[in-house]
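Work out the full structure: start from the sequences and follow the hints.
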Amino acid sequence: MSQAKVPTWVNIALIPVLNIMLAFFVSGLVILAIGENPIEAAGYLIYGAFGYDEGIGYTLYYATNLIFTGLAVSVAFKGGLFNIGGEGQAYIGGLGVGLICLSLDHTMPLYVIAPLAVIGAAVFGAAWAYIPAYLQARRGSHIVITTIMFNFIASSLMVYLIVNWLKEDGRMAPNSRTFEESAWLPYLHELLSPIGIEIGDSPLNLAFIWALLCCVFVWGLIWHTRWGYQLRTLGTNPTAARYAGIDTAKVTIWAMLISGGLAGFVGLNEIMGVNHNLLLNFTAGYGFAGIAVALMGRNHPIGIILAAILFGALYQGGAELAFEIPTITPEIVVVIQGLVILFSGALEHMFKDRIEGFFIRRAVA
Amino acid sequence: ATEPAVVYDQAGKFDKSFNEGVYNGVKEYTAETGIQVREFEPKNEAQVEQGLRRLAKRGYSPIVTVGFNMTSAVEKVAKDFPEINFTIIDGVIDLPNVQSVVFKEYEGSFLVGALAAMASKTNTVSFVGGMDIPLIRKFACGYEQGVKYQSSNATVLQNMTGSTGAAFNDPTKGSELAKSQFSKGSDVVFAAAGGTGIGVYQAAKDEGKLAIGVDSNQNHVQPGTMLTSMVKRVDQAAYKTYKDAAAGTWKPGLVVLGLSDGGVDWALDDNNASLITADMKAKMKDIRAKIISGEIKVHDYMSDNTCNY
Amino acid sequence: MPYAIELRDISKRFGAVQANKDICLQVPAGTIHGIIGENGAGKSTLMSIIYGFYEADTGHIEVDGKRVDIRSSQDAINAGIGMVHQHFMLVENFSVLENVILGAEGGAVLKNGIGAARIELQRLAHEYSLDIDVDAIVEELPVGLQQRVEILKALYRGARILILDEPTGVLTPQEADHLFRILKALKDQGVTVLLITHKLREIMASTDNVSVMRQGEMVAHRETAHTSKEDLAELMVGKKVRLTVDKDEAQPSEVLLSAQNLSQFDSQGVKRLKNVSLELRAGEILGIAGVSGNGQSELLNVLSGITSMDEGEIHFAGQVITAKAPKDAAQMRDLKMAHVPEDRHKMGLVTGFEAYEAAVLGYHNSPVYNGKILMNRKVMLDECNERMAAWDVRPPNPHLKTANFSGGNQQKIVIAREVEQNPEVLLIGQPTRGVDIGAIENIHEQIVKLRDSGKAILLVSVELDEIMALSDRIIVMFDGAVVGELDAKDADERTLGLMMANAYNEEQEGVSA
Amino acid sequence: MFETLILMLDATMRVSTPLIFAALAGLYSERAGIVDIGLEGKILGSAFAAAAAAAVFGSAWIGLCFGILASVGLAMIHGFACITHRGDHIVSGVAINTIVAGLTVTLSMHWFGMGGQTPALVGDARFLDITFPFADAMESVPIIGQIYSNLLSGHNILVYLAFIMVPVTYWVIYKTRFGLRLRAVGENPHAVDTAGISVSFIRYRALIICGILCGLAGAYLSTAHNAGFLKDMSAGKGYMALAALIFGKWRPVPVLLACLLFGFLDAVAVRMQGVVIPGIGEVPVQAIEVLPYVLTVLLLAGFIGKAIGPKAIGRPYVKERA
Ligand SMILES: Nc1ncnc2c1ncn2[C@@H]1O[C@H](COP(=O)(O)OP(=O)(O)OP(=O)(O)O)[C@@H](O)[C@H]1O
Ligand SMILES: Nc1ncnc2c1ncn2[C@@H]1O[C@H](COP(=O)(O)OP(=O)(O)OP(=O)(O)O)[C@@H](O)[C@H]1O
Ligand SMILES: [Mg+2]
Ligand SMILES: [Mg+2]
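Protein chains in written order, with the numbering used here: chain A, 1 to 365; chain B, 1 to 309; chain C, 1 to 513; chain D, 1 to 322.
None of these hints come from the bench; they were simulated from the model.
Hints should not be assumed to be uniformly reliable.
Claimed, not checked - Calculated cross-link-like contacts (lysine-lysine; reagent style BS3-like; alpha-carbon spacing at most 25 Å):
{"no.": "1", "chain 1": "C", "residue 1": "Lys324", "chain 2": "A", "residue 2": "Lys250"}
{"no.": "2", "chain 1": "D", "residue 1": "Lys231", "chain 2": "B", "residue 2": "Lys27"}
{"no.": "3", "chain 1": "B", "residue 1": "Lys205", "chain 2": "D", "residue 2": "Lys231"}
{"no.": "4", "chain 1": "A", "residue 1": "Lys352", "chain 2": "C", "residue 2": "Lys401"}
{"no.": "5", "chain 1": "A", "residue 1": "Lys250", "chain 2": "C", "residue 2": "Lys111"}
{"no.": "6", "chain 1": "C", "residue 1": "Lys489", "chain 2": "C", "residue 2": "Lys449"}
{"no.": "7", "chain 1": "C", "residue 1": "Lys346", "chain 2": "A", "residue 2": "Lys250"}
{"no.": "8", "chain 1": "C", "residue 1": "Lys21", "chain 2": "D", "residue 2": "Lys175"}
{"no.": "9", "chain 1": "D", "residue 1": "Lys175", "chain 2": "C", "residue 2": "Lys111"}
{"no.": "10", "chain 1": "C", "residue 1": "Lys336", "chain 2": "A", "residue 2": "Lys250"}
{"no.": "11", "chain 1": "D", "residue 1": "Lys319", "chain 2": "C", "residue 2": "Lys401"}
Stated by the list, open to error - Sample of chain C residues lacking proximity to chain D, with all beta carbon distances greater than 10 Å (derived):
{"no.": "12", "residue": "Ala16"}
{"no.": "13", "residue": "Gln18"}
{"no.": "14", "residue": "His87"}
{"no.": "15", "residue": "Lys111"}
{"no.": "16", "residue": "Asp135"}
{"no.": "17", "residue": "Glu234"}
{"no.": "18", "residue": "Ser277"}
{"no.": "19", "residue": "Gly283"}
{"no.": "20", "residue": "Val320"}
{"no.": "21", "residue": "Leu335"}
{"no.": "22", "residue": "Tyr363"}
{"no.": "23", "residue": "Arg377"}
{"no.": "24", "residue": "Asp382"}
{"no.": "25", "residue": "Ala389"}
Said to hold, decoys possible - Covered by chain D, according to a simulated footprint, are these stretches of chain B (three or more residues, beta-carbon under 8 Å):
{"no.": "26", "segment": "12-25"}
{"no.": "27", "segment": "40-54"}
{"no.": "28", "segment": "166-172"}
Each residue gets a CB set at the ideal place from its N, CA and C atoms; glycine is no exception.
Below, the structure written as structure tokens:
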């Protein structure tokens, strides 16, 4: 009688899809409520996101950020930690990237700067996650609250640094000088055109490839290494972790360091890939969106890639939609994002219990 | 036929101030010619360039872009689309297909400064700036000169709301700043702070003080409280771009608009008529003429990044 | 005369588990009625249904001959039913008074209710010798007094029917005796008592009638006077119970592990382990007897390295382990100490893992399971398959989630994991808790086999029968300290029971005086 | 100097008001065991609803009602997720914050077409300041008069209400049946359940109160302190209130003090832009802005006392053996 009673596809496909459908359905109602046609809106959205080269490029560019933050949330989550600090870690990660670029762009070529920038992003992002992690592991301060606080602290710190130290004299906008081209991550359309592949101009850059590599890295790390085994043990049963002789404080801290480092890579895409200078608020909520991505992607790299592309499409399609129907603001995407978090996160039991109950009853009968 | 377009900055076209000024110009043009202007309001940095490209690709021209924040994006896109005409307001780009429109805000600010000094009973007036950038210091400096010209022993209190873009959209802080200035004796406040100004004017109204609007004519925002507005005719900049383009007379290059060509001015209308005495009106007329004639030299903060006049 | 309480065909199902099935029960007023059954037999579920905590799927309840509709605990309270739960239901940082009035405050504002409650509690204390400081904070009270608060809560609400779910599990025999005296007094006042336990001694000593549950069903009703322990035991497990294990005389040799003066304090600063010393020899099983909560768990945790001691030292495998030079659980494993924890769900397994992953928990760093960077899944799977076959784990599917194995099979996975590491010392806590009789025999055999191969085993169990059947030597723990040691040959239930109550010496003195 | 202090404190009262409402809201919710990082969203939602309704109906009171309705509605979504469906409290809070951030802009764009703002509120559509009797006359009396007329007098009714809510909350939490049950439910819901009280019902009621108080906070922002709604106008106040709640260790009076401290820092920060303090130099405003968050982190780390919250907080209640 003790067989697995609920088929796997129910948990990894049926329930997530149902949750997303519900989120979209409610979003449709919102669009209807503001007097627009949801079907037409969906049409613009899908066309804008996937209908042409450039649109796809933008979709993937947004997805790049979301893959990083989604991975960040999920690595911490696997260890039972809720990292809401992705936003701040990404911000500070970007600072690391910016500082490296600003100090080396006159003297070094890209192939020297890029690896250093990767390290800079990871180290700075990780450093920002370290204090909440340390406090959680050694002093029992709740990581959710401390990471929220650290988002605010990061934001103030960045304003201070950029406005007082990094801003170019005489410049209006609070951002640093533009980097030399030796510190620009190449755009994919530039990389691909010499080998005969022409894709439309878009901000999609090398950071996207790095994001995919990070997925592979995270997948191997969590499911195929000892450390991942320890992390998952800690995340599902902390008492068993202590029983197994796992140094829970150390695993906690490392999980957050990796999480923060991953979030920091948003800086690669934004600072080095697209903006080419250090500016304020480039994280634009990607840290929070990462929570939705991780939840929807079931904390698995494949799922995260899919969810990130879905959200990337919403961002890009949403911009297109707002462009075509000015009464719909791009904020509708934020609403959809929130609804996804609500239905696939907070209300996960709503369908899950019923559907699983249905399959269990069927199995028992 | 031209297909005109406009890209606002991230504050959006209803910021009651700078963007809204441009929007008014757009409305005027549409009302007059019946030609719809394609509008775009980007929500983040990436969308600025994306929106510009999309407009350029679809052949919209001229494209009016609003604010110094767009300088680098416009520069990139204008290079890639040499056949499309761009006008950038408040920014300077040296390209053959870009017109750069900048204003002598210091002249207008001087005028309203003088008026503030005339209206003040406490001989203390104040200034609330938005984001602390040279452009806003330019307003402050002109204002201060105007006040001192009228009343050399007057006190001018100055505060900036913040050092980020958010400082242009923080009415709560604006109102707190204004209240603190009032408590130090100010009875006329000039806000060059975008959306933050709304809070400043509200505070002035609540405490029975006078306020001076900026960019658009904001006299209607709090009638009876608004002493005047330092109008910066961004609406005209936009309107003229479209008109000229339609007539084929649009030209690239730098356009500097000041008092003499009506680019900046002080606003007098029904909403503030009762606050302006005939005497004040006369004095203003006189000062205005003197600035235009060059008899009064107003120092431009941005010429040397100081306010030594 | 109608019954105080009567159950008719009560059934309750949790998902796939049929916890109660067509239960009928009649309890005459003013009696103490015992209900016995193995772990998981459905006793607590049934009582929770009477108390309105769960709603029955079918069936109904009559109180004093009248059918009552119990949908919530409030309904049960209104019907005069009170319950003392297996796990206390107290707000720990509230005072006794606040706990007692919670839910019976007597008005929207607390002031009046508190005054009235003070007076009523004084009366109850007087009547049933249930003295307590009503302003004390509950978490500062000893367990016995916390239980008293629970009883007071029920009586304060005017309970005429009192349910106690395994009340003595946390009590020393003396405290238990005191409790039974209180129950007797209540009975004399006409209160009907339902007493859940799986300790046959208590049933025989204090009840009027007894009902037996097995696998969710009520299988027998007896008058206590007309039954025996053996009879009840057989009814409980459904077949003749073999309470002994076949084993040869132990051949203890050298000391493998010795502990001296181990002490440990909990986070509140209470000393949970008091100067415990023991020696463990190769080829013997050392049993630790005691009422649960008397330091056994702490001892296991300290010996296995999960927590470190505050005082004392352990000598093991040539190492000296002290508070200053601690070794964690992983290091102890490296020294070839294995540990089957008392609670497999909370500690021994990760229920979300597939079986083959759970089967290496604690040994996951071993080079056997690891390549240079990645873990070697194939090795893990192969080994798991082998073990499942050898230990008859059902179903033998290494990819099944651990949670989906039954309790007994989960336990086999844990014990196999620890035993197959071929340890020098095996610490084993509650090896057969919640495991059915067939599996118990198997597990006992394996433990003896390990002993016979010259290993040392430390066995902790609250089941006296198990201790006596397996151990070669027995240590008794009380209140964190070792209070006695005897050879298994000299052990009997009475002696051990007295020792567990720390009353043995007193009695000996009494005899000699 | 004294005058400056009075004016600072006066500003502190204004700035603290939404924090006090929101932190007390959080207190009810968290004392009942429900973590509420959705304070932010509820404030924002209420600010929007209140401003929109006040603009349409021209009455601040009607605005307040709508603000409260919106906020209570959001609280009920939180309850539906966390109480009825045993969802994760944090995830639900994040969801609500996100939805509201998007929805307020979308709806105000649709209704008012002003780029995510509501029209500026005038006259009765706003809560106006109340001047105490003889305030003008008293102003010249040193100290007492100044305190009376400059600090105590001249706020709008919601400011006074916020301060009154503190003793009221104290009384409710510690002196009433509801308060006893509320605290019990946050410590050990099983105990409450077996005492014959519905855990869900208490938690829902706590969330309704939480919603009402957040509604007051939001309405204050848009119809009293300001004159209209602006996108993202809550600007982290919900999180700051959460920090104050922790800083005040979930007790009404210390929570009030924490709110006042944070409000005071805010009032100082407003006046610190570019101010040079002799001997120290120019203190970056960011350093002052960031203090509440830093203080909270230090408290959580146990460096300045210890923050121990209700025991059952954040854990969904399921009828299972512990
Ligand atoms: N809330 C619940 N959800 C799911 N299953 C449950 C629940 N409560 C009990 N069960 C299951 O119902 C069965 C009977 O459990 P119950 O607690 O009534 O046993 P018991 O006789 O009291 O055991 P013990 O002696 O260990 O206390 C067990 O299989 C248990 O796992
Ligand atoms: N924590 C749990 N989570 C999910 N399912 C469980 C859990 N505990 C038990 N089960 C399911 O309930 C079934 C019954 O478990 P239980 O432990 O009562 O089995 P049992 O009949 O007592 O078997 P055994 O004699 O081996 O102990 C198991 O087969 C398992 O599928
Ligand atoms: Mg039980
Ligand atoms: Mg079992």
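Hints and how they fare:
Using a Cα cut-off of 25 Å, the hinted pair Lys324(C) and Lys250(A) holds, with the two alpha carbons roughly 20 Å apart. For the given pair, Lys231(D) sits about 24 Å from Lys27(B) by alpha-carbon distance, which is consistent with the 25 Å threshold. Proposed proximity of Lys205(B) and Lys231(D) is supported: the alpha carbons are some 23 Å apart, at most 25 Å. Distance hint between Lys352(A) and Lys401(C) is fulfilled; the C-alpha atoms sit about 18 Å from each other, no more than 25 Å.
The suggested pairing of Lys250(A) with Lys111(C) is violated, with an alpha-carbon distance near 50 Å, which exceeds 25 Å. Taken as a hint, the Lys489(C) and Lys449(C) pair is honoured in the structure, with Cα atoms around 20 Å apart against an allowance of 25 Å. For the hint linking Lys346(C) to Lys250(A), the alpha-carbon distance of about 21 Å falls within 25 Å, and the restraint holds. Between the alpha carbons of Lys21(C) and Lys175(D) the distance comes to roughly 45 Å, so the proposed pair goes past 25 Å and is violated.
Of the supplied pair hints, the one linking Lys175(D) and Lys111(C) holds, its CA atoms being roughly 7 Å apart against a limit of 25 Å. For the hint linking Lys336(C) to Lys250(A), the alpha-carbon distance of about 24 Å falls within 25 Å, and the restraint holds. For a cut-off of 25 Å, the pair hint linking Lys319(D) to Lys401(C) stands: about 24 Å separates their Cα positions. Every CB of chain D lies more than 10 Å from the CB of Ala16(C), the least distance being 16 Å, so the non-interface label holds.
Against the 10 Å criterion, Gln18(C) stays outside the reach of chain D, whose nearest CB is about 17 Å from its own CB. With a minimum CB-CB distance of about 5 Å to chain D, His87(C) fails to clear the 10 Å threshold, and the non-interface call is violated. Some Cβ of chain D comes within 10 Å of the Cβ of Lys111(C); the nearest lies about 7 Å off, and the non-interface call is violated. No beta-carbon of chain D is positioned within 10 Å of the beta-carbon of Asp135(C); the least distance is around 15 Å.
Every CB of chain D lies more than 10 Å from the CB of Glu234(C), the least distance being 28 Å, so the non-interface label holds. The claim that Ser277(C) lies off the interface holds: its Cβ sits roughly 34 Å from the closest Cβ of chain D, which is beyond the 10 Å cut-off. With a closest Cβ-Cβ approach of about 39 Å to chain D, Gly283(C) is found to remain outside the 10 Å limit, as its non-interface label requires. At roughly 33 Å from the closest C-beta of chain D, the C-beta of Val320(C) stays outside 10 Å, upholding its exclusion from the interface.
The Cβ of Leu335(C) lies farther than 10 Å from every Cβ of chain D, with a closest approach of about 34 Å, so its non-interface assignment holds. Distance check for Tyr363(C) against chain D: the nearest CB is about 30 Å away, which clears 10 Å, and the non-interface claim stands. With a least beta-carbon separation of about 31 Å from chain D, Arg377(C) lies farther than 10 Å from that chain, consistent with its non-interface assignment. A cut-off of 10 Å between C-beta atoms confirms that Asp382(C) is not in contact with chain D; the least separation is 37 Å.
Every CB of chain D lies more than 10 Å from the CB of Ala389(C), the least distance being 34 Å, so the non-interface label holds. Counting residues of the segment 12-25 of chain B whose beta carbon lies closer than 8 Å to any beta carbon of chain D gives 4, which meets the minimum of three for the stated coverage. Counting residues of the segment 40-54 of chain B whose beta carbon lies closer than 8 Å to any beta carbon of chain D gives 1, which falls short of the minimum of three for the stated coverage. Under the rule that three or more residues need a Cβ within less than 8 Å of chain D, the assignment of the segment 166-172 of chain B holds, with 4 such residues.
Checked against the numbered hints above, the structure breaks hints 5, 8, 14, 15 and 27 and satisfies the rest.
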